[in-house]
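Colleague: Sequence:
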Amino acid sequence: MQKKKTFTKKEVKKIHIQIPTEPKNTFIDTIEHWLQKNENKIYTSLFLLCIMSALLLFRVRIDEGGDDSNYIEGGYRYATNFFHYYFSFQATGYPLFLAIPISFFGIHVILLKCLSLIFYGFAFYFFYKTVRGKIPYIITFPALYIIAFNKTSLFFASQTYSEAFFMMFLAMFFFVFFRFLEFLKFQETSLRITSKKEIFFVYGLCLLIFACSFVKTAGIVVLFSTLIYFLFQKQFINGLKILTMYGLIKILYEIIKITLWGELATSNSSQQAGTLLQKHPYDSSQGTEDMYGFIIRLLENTELYLGKRFMESLYILSPDFVNRNPSHIIYIVLSLFIVILFSSLFINSFLKKQKLYFFLSLFLFCALGFTFLVLQPFWEQIRLITPYFFIILLTLFLGIYTIFSKKLPFFYVFFICIILLCNTIGTIKAIKSNIPTLIKNLKGDKYAGYTEDWVNYLKMSEWCGKNLSPQSVAVCRKASMSFIYSDGKKFYPMYKTPYPDPLFDNMTHPDSAFHIIQKNGITHIILANLRSTGKKDGNIINTIHRFLIPFSEKYPQKLKLIRTEGTEEPCYLYEIIQ
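Take any residue in the sequence shown, note its place counting from 1, add 7, and you have its number in the numbering used here.
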């Protein structure tokens with residue numbers, strides 16, 4: 008009998024490398040083989056497309072939403088008054104980071120926006136490295152193409168919102184986490200950390216998890232999804248290691264936070280939590296949500312974000328259609344279709360022990376579920392789910408691929424082509440629309456791209472910075488934007504009407520307004536006519552109006568109009584006569 012030949016590990020690896028990968032007979036396999044063969048060229052092309060598209064869609068101006076300017080102002084406060092300021096408006100990490108470049112270069116808006124482009128590029132790279140060779144290229148590359156050439160996602164590559172910064176840490180987490188899972192295949196389970204490589208993985212993962220939650224409050228879902236994954240896999244010891252190490256990092260941070268900032272670091276946390284429990288974030292009189300209310304909130308947000316805004320971002324639904332139809336049965340159908348796909352992938356991957364697919368769908372359920380449950384439908388901002396776009400696309404394409412790739416391969420390819428075509432059309436339109444404004448901005452017109460109501464408001468803010476004394480305090484609706492355009496002057500923000508009184512049609516009682524003015528040293532009031540719908544339809548953000556009208560009726564002698572900016576949709580500046 009002939010003796011059976013054995014091979015060393017090195018010889019086996021060499022044999023494996025020499026075996027060519029040939030395409031099978033199916034249509035899908037032929038495309039997959041071509042994509043695999045040209046992998047490096049395709050990735051390089053997509054990365055260059057990503058950078059080029061981000062530059063063509065670059066927005067020099069500050070966004071009207073205001074959160075991006077809040078981060079810049081927060082970074083400035085840290086840079087100039089580190090121990091006497093704590094950013095509690097949202098998660099602290101991003102403005103704390105912005106304090107570094109601001110300390111060296113001042114409030115250089117374009118420079119800060121370019122940093123977001125760098126973060127986005129890193130996120131693109133690590134997302135690709137995470138799934139490379141683990142997910143079919145016929146799924147990976149279409150998802151990467153959309154991230155590289157999508158008007159909605161690329162918007163945050165030139166904004167000082169925290170999304171690009173968060174995406175970078177999230178992509179790095181996925182990259183390290185899946186390599187940690189590969190490492191665990193060859194490691195005996197033990198409470199002790201037995202090697203330097205395991206120390207690197209555990210410490211590195213926990214630092215990235217902490218970074219995600221430090222940059223964005225919703226980033227805590229990274230920890231939740233990781234622990235739930237190990238729970239499903241019955242790897243309780245590995246979950247305990249992660250939880251323990253994260254807990255130690257968190258405790259260390261809390262000690263540092265209290266040491267450096269004391270009560271400043273804890274003063275607004277309970278107030279923010281209370282706002283999330285309200286039915287309406289700006290109207291506490293509507294009461295707080297009960298269990299039924301949270302379920303309705305979850306369902307409404309699922310429809311709004313997955314069936315409406317996500318489809319709009321891919322240009323499957325046009326912005327005109329969405330604007331004309333605030334609610335529509337098609338949103339429910341599309342959101343239900345996506346949820347079914349996510350659920351089928353989640354269950355199928357768990358039963359077949361496909362760990363990567365399972366974690367992707369598990370993470371998505373945790374991230375979207377947390378967002379949709381915690382935030383009121385009032386917000387309806389696509390940026391709340393934009394950092395998860397790549398994961399959403401992968402999971403969506405995987406669900407379709409799993410169902411149709413074997414029996415109806417042409418349907419899967421047709422489905423992908425339709426999405427890519429719609430996305431391409433929408434992004435090209437956005438680029439064409441942005442280029443004229445971008446040129447004007449780069450030539451020095453910092454108001455190009457704003458509607459007239461915003462131009463008047465921002466010009467008034469600029470005038471205040473140049474003409475009012477440093478000791479003066481002007482109250483306004485968008486204080487952080489006024490801060491940017493006034494070159495660093497501090498304004499008093501009024502995000503909602505204070506102390507709404509039913510006797511005054513839920514406007515501020517004049518004596519309450521007088522008390523607020525005296526208590527906060529307010530010397531001026533900016534009364535703008537900012538459009539509440541973005542359209543010139545007569546609807547305006549009337550927060551300041553509801554504060555000022557009863558006061559002006561009772562104390563007309565205490566108000567003096569000193570400047571008007573603009574003739575249509577004008578902005579007024581009033582001085583308080585003490």
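Possibly wrong hints are sitting among the right ones.
To be verified - Capping the alpha-carbon separation at 25 Å, the derived lysine-lysine pairs in DSS-like fashion look like this:
(1) Lys158 / Lys241
(2) Lys362 / Lys466
(3) Lys439 / Lys453
(4) Lys447 / Lys362
(5) Lys447 / Lys473
(6) Lys136 / Lys204
What the hints assert, rightly or not - Pair by pair, the computed Cβ-Cβ distance ranges are:
(7) Val329 / Leu284: 28 to 38 Å
(8) Tyr210 / Phe89: 43 to 53 Å
(9) Gly545 / Trp41: 34 to 44 Å
If you are wondering where the hints come from, they were derived from the structure by calculation, not from laboratory data.
C-beta: ideal position from N, C-alpha, C; glycine also.
Colleague: Look at each hint and say if it fits the structure.
Modeller: Evaluated hints:
1. Lys158 / Lys241: violated, 41 Å
2. Lys362 / Lys466: Outside the cut-off at roughly 55 Å; violated.
3. Lys439 / Lys453: holds, 19 Å
4. Lys447 / Lys362: This hinted pair is violated, its Cα atoms lying about 50 Å apart.
5. Lys447 / Lys473: holds, 24 Å
6. Lys136 / Lys204: holds, 19 Å
7. Val329 / Leu284: 28 to 38 Å: holds, 29 Å
8. Tyr210 / Phe89: 43 to 53 Å: Since the Cβ atoms of Tyr210 and Phe89 sit about 27 Å apart, the hinted range of 43 to 53 Å is violated.
9. Gly545 / Trp41: 34 to 44 Å: Given range 34 to 44 Å: violated, Cβ gap about 56 Å.
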